[in-house]
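Top to bottom, those sequences are chains A and B. Once you know that position 96 of the first sequence is 96 in this note's numbering, the rest is easy, because the numbers rise by one and skip nothing. Once you know that position 178 of the second sequence is 1178 in this note's numbering, the rest is easy, because the numbers rise by one and skip nothing.
Source of the hints: derived by calculation from the structure; they are not laboratory data. Do not take every clue at face value.
[Said to hold, decoys possible] Estimated spans, in silico, between C-beta atoms of each pair:
#1 ILE1024(B) to LYS136(A): 49 to 57 Å
#2 CYS18(A) to ILE1266(B): 43 to 51 Å
#3 ILE106(A) to GLN1190(B): 43 to 51 Å
#4 ASP124(A) to LEU1087(B): 54 to 62 Å
#5 SER1283(B) to SER30(A): 51 to 59 Å
#6 HIS71(A) to LEU1247(B): 40 to 48 Å
[As the list claims (entries may be wrong)] Using 30 Å as the maximum straight-line C-alpha spacing, the simulated DSS-like pairs for lysine-lysine come out as follows:
#7 LYS137(A) to LYS1258(B)
#8 LYS67(A) to LYS6(A)
#9 LYS1258(B) to LYS128(A)
Where a beta carbon is used, it is the ideal one built from N, C-alpha and C, also for glycine.
Listed here are the chains, written in short residue letters.
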Amino acid sequence: MSTLSKSPWILHYDASSCNGCDIEVLACLSPLYDVERFGIINTGNPKHADVLVITGGVNEQNREVIKNLYHQMPDPKVVVAVGICASSGGVFRECYNIVGGIDCLIPVDVYVPGCAARPESIIDGIVKALSILEEKKEKMALPVRVASGGEQ
Amino acid sequence: MILLENALLFIILAPFIGGLVAGIDRKLTARMQGRVGPPLLQPFYDVGKLLQKEQIVVTPSQHFYILSYLVFIVVSGALFFAGGDLLLVIFAFTLAHIFLVLGAYSSYSPYSFIGAERELIQIIAYEPMIILSAVGMYLVTKSFFVWEIMGSSLPLILYLPGVFLGFLMVLTIKLRKSPFDLSTSHHAHQEIVKGVTTEFSGPMLARVEIAHWYENVFLLGFIYLFFAWSPPVAILAIIIVYLLEILVDNTFSRATWKFTLKSSWIIAGMMGLVNLGVLYYLSAVVPV
C-alpha cells in the first residue's frame, strides 16, 4: 500500500440530492465516525482531490458541472456514487428532468446504495475506492497535463 | 562566525521536523475536537501522495514561482541557522512569500486571485512586527548577526517582553492558524476554495507544503532567539508557544482581513514600539 491510499482527499458534490445523503457524508467527518483517522480530508477544491463523492442523480442543470469537476481532478482519481439516486437515479429515474445515475456521464468506481446511505457504508465505499485508486495509479502513464480553458 | 554545517543540518533535517510538528499539530487538534485524528505521520503520507499525482499545469510560470518560493524559504532558513544577518534573513523570507503570491496571480483564477490578495495583506500585517523583533534584538545585543544574538548571555525575553508578545501575534498569521488563516488554511479548513494554493495541484502543492514545513521550523527557531541564554528554557518556550497556537487555532473563528491588518499593526505598535522606546530610553540612562 503506497501513500496514495493513506491520504485520500475528498471532493463532495451534491448533484441533485435531497440533502439526505449529504448530511450522512458530512456525518462521516464528525467525531463519531472521524474519517480523518484514514487521512481523509474533505477539500473544497477539485485540483486537490483524489476521490469525487457525488450524491444525487444527473440533471440538465448539473451535467456540465459534474463533467467539469471530474476533468479538473488530477489523475489518479476515483468516483464514488453515494446513495441510490447517484447510483441509478433511484425513484427519480423516470422523471423528465433526470438523466440518470452518475455513471451515464462519468465512469463510477464504487456504488454505495441506500436512501439515505448510512455513514458506515459510505466509509466502506470510500475505503473500497482506495484499492481502485492504487490500481489506477499502476496503470497511469505520467505526468504533466497542460490545462486548457475549453477542456470539457 | 557563520556555521555552514548548521545550514546543512537545517536543509536536511527541517522537513522531517516540520512534518512531524505538523503531524503532532493535527493529532492534538483532533483530540481537542473530540476525534481520534490521523496517524502521526499523516503529513508525510499527504506529501508522498501529492508527489505521485498528475501535475496539472495552469500556466508554465507557476513552476518557476513555486520553485523560487521553496528555494528562498530554504535559503532564509539556512542563513538563519548558519548565524547570518537577521535583516538579510527577513528579506529573503519576504521575497519567498512574494514568489508564492506571484505564483497564485499567474493563474487566471478568481479564487487564487483572492488568496493572493489576502496573502499580500497578511505580509503587510506581519512584516512590521518581524522587523521590529530584529531591531529589538539589535538594541539589546548590538548586533544583527544571529550567531552573536545566540551567543549573547543576556536574557533577551526580559528586555523584549512586548516585542515577544507582538511576535507571537504575527506567528499565528505565519503559521496559517485561525483567526488569521485568511489566505489559505491548514487541515480540512476551506477558505474561498483553498485561497492562494487553489491552482496548485499534485507535486506543485507538495512543494508548497514542504516549503511551509521549512518555514515553520525557521519560525520556531526565531522564538529560540528570545531565550537563547538558556537552551532548556528555550525549548520549553517553543513547545509552550506551539501548544498555545494550536489552542488558539481551535478556539477562534476566522477574522476579517481588516481586523487582521488593524489588530496586528496596533499590537505591533503598542507592544513592539513601546517596548523599543522604553529600551531606548533605559539604554540612555543605564547602558546595557
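Given the hint of 54 to 62 Å, check if ASP124(A) and LEU1087(B) actually sit that far apart at their C-beta atoms.
holds, 56 Å
Does the hinted range 43 to 51 Å hold for CYS18(A) and ILE1266(B) at CB?
holds, 48 Å
Compare the distance between the alpha carbons of LYS137(A) and LYS1258(B) with 30 Å, and conclude whether the hinted pair is satisfied.
Given that 30 Å is the threshold and the Cα spacing comes to 44 Å, the pair is violated.
Please work out if LYS67(A) and LYS6(A) have their alpha carbons no farther apart than 30 Å.
holds, 26 Å
Whether the CB-CB distance between ILE106(A) and GLN1190(B) falls inside 43 to 51 Å
Since ILE106(A) and GLN1190(B) have Cβ atoms about 23 Å apart, the given range 43 to 51 Å is violated.
Mind checking the alpha carbons of LYS1258(B) and LYS128(A) for me, to see if they're no more than 30 Å apart?
Since the Cα atoms of LYS1258(B) and LYS128(A) sit roughly 45 Å apart, the hinted pair is violated (cutoff 30 Å).
Verdict for HIS71(A), LEU1247(B) (Cβ pair) under range 40 to 48 Å:
Cβ of HIS71(A) to Cβ of LEU1247(B): about 41 Å, so the range 40 to 48 Å holds.
Holds or violated: 49 to 57 Å for the Cβ distance of ILE1024(B) and LYS136(A)?
32 Å Cβ-Cβ, so the 49 to 57 Å window is violated.
Using the C-beta atoms of SER1283(B) and SER30(A), is the stated range 51 to 59 Å upheld?
holds, 56 Å
Hint compliance for this structure: hints 1, 3, 7, 9 are broken, all remaining hints hold.
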